[in-house]
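> Quick mapping for you: the protein sequence lines, in order, are chains C and W. My numbering puts the first residue of the first sequence at 1, with every later residue one more than the last. My numbering puts the first residue of the second sequence at 104, with every later residue one more than the last.
Just so you know, the hints here were simulated from the structure itself, not pulled from any lab data. Among these hints, one or two may not hold up.
Stated by the list, open to error - To give a feel for the contact side, a few chain C residues facing chain W, derived at Cβ under 7 Å:
1. ARG10
2. HIS11
3. ARG14
4. PHE20
5. THR30
6. LEU38
7. VAL44
8. ALA51
9. SER56
10. VAL58
11. SER60
12. LEU65
Values in this document were obtained by computation on a predicted structure and should not be read as measured data. A virtual CB, placed ideally from N, CA and C, is assigned to each residue, including glycine.
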Amino acid sequence: MVDLHAGDMRHHVRLYVRVFVALLVLTAVTVAASYLHLAVPIAVTIALIIAAAKGSLVASFFMHLITERRVVFGALVLTVVFFLVLMFLPLFTQWDTIGQKVQ
Amino acid sequence: MEIPYTVTERPDTGLYNAKLGVWLFLASEVMLFGALFSSYVLLRSGAEEWPHGWQHLSVPLAAFNTLVLISSSVTMVMSWASLKTKDFGKYRLYMGLTILAGLIFLAVKFFEYREHILMGEVPAHDTFFAIYFTLTGLHGLHVIGGMIVNGYFFGPGARMWSSEPERFTNRIEIAGVYWHFVDLVWIFLFPILYLL
């Protein structure tokens with residue numbers, strides 16, 4: 001186990017506080033954007049971009065993904081691929097023309 | 104029999120076993136929540152009418168809960184960092200704060216649920232409330248699960264610190280990775296359910 005010294009600890013604390021502040025700011029931006037009552041496609045895009053930025057901060061720094069080994073990324077890439085398939089399933093239902101008459 | 108690679112890294116993965124284990128577990132969790140997010144998209148895009156979340160749900164309460172969960176992520180990672188500096192007292196403080204934040208989150212959720220149920224806005228009310236209760240309920244169960252684990256490491260499980268400090272520190276890191284994932288899921292649930 002690599003122990004942290006007082007100096008390292010201060011560095012870590014500063015980093016975690018910065019990430020915390022960034023998360024608070026991004027949360028405030030998300031809420032503020034929702035009060036603009038934008039059209040749904042624009043609102044969804046903005047909300048998802050901010051949520052993805054916040055999620056990346058949490059995963060990178062709190063979950064230490066930024067310093068993680070390659071094998072973890074291998075598992076995560078596979079997860080992302082299957083997650084995207086799940087997200088596109090609703091779209092695939094729109095494209096599904098089996099059983100319909102050809103126009 | 105001694106469990107292998109609880110402290111040292113496996114030569115082939117470069118990780119201690121629990122680290123790889125928790126990431127694989129979280130991969131399955133992504134699929135679980137992903138399936139429900141996908142269902143949400145399908146239900147919403149297929150509905151003739153879909154309410155904006157803020158028309159039925161309390162944005163200030165959910166924003167407060169977001170703040171609570173983000174804060175708990177900071178205290179959780181600080182509890183791990185405290186063990187790394189061998190400061191067990193600070194570990195106890197930060198872990199206690201993390202558990203307290205979890206309790207506050209659940210209390211707020213309880214009052215939200217109570218208000219909806221009293222107004223007849225139960226899962227059977229409409230598709231919006233069905234997916235709202237499913238997603239937030241599943242997330243709430245994950246919060247409870249994390250609190251049970253954190254509670255164990257705050258109380259009886261902390262005895263390991265005196266016998267196997269490195270293994271205990273790794274356990275807190277793993278519990279933290281799970282707890283941050285619960286925070287991460289909420290980061291997406293909040294805008295999707297409440298703000299859009």
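> Each hint needs a verdict: does it hold in this structure or not?
Against the structure, the hints:
1. ARG10: It is violated, given that the least Cβ distance between C/ARG10 and chain W is near 10 Å, above 7 Å.
2. HIS11: C/HIS11 check fails; min Cβ-Cβ to chain W is 10 Å, beyond 7 Å.
3. ARG14: Not OK, violated: C/ARG14 not within 7 Å of chain W, min 11 Å.
4. PHE20: Constraint on C/PHE20 satisfied, holds at 5 Å.
5. THR30: 6 Å, holds
6. LEU38: 10 Å, violated
7. VAL44: Because about 6 Å separates C/VAL44 from the closest Cβ in chain W, which is inside the 7 Å limit, the hint holds.
8. ALA51: 5 Å, holds
9. SER56: Violated: closest Cβ of chain W sits about 9 Å from C/SER56, beyond 7 Å.
10. VAL58: 5 Å, holds
11. SER60: This interface hint is violated because 10 Å lies over the 7 Å limit.
12. LEU65: Constraint on C/LEU65 not satisfied, violated at 9 Å.
Of the numbered hints given earlier, the model fails hints 1, 2, 3, 6, 9, 11, 12; all others are met.
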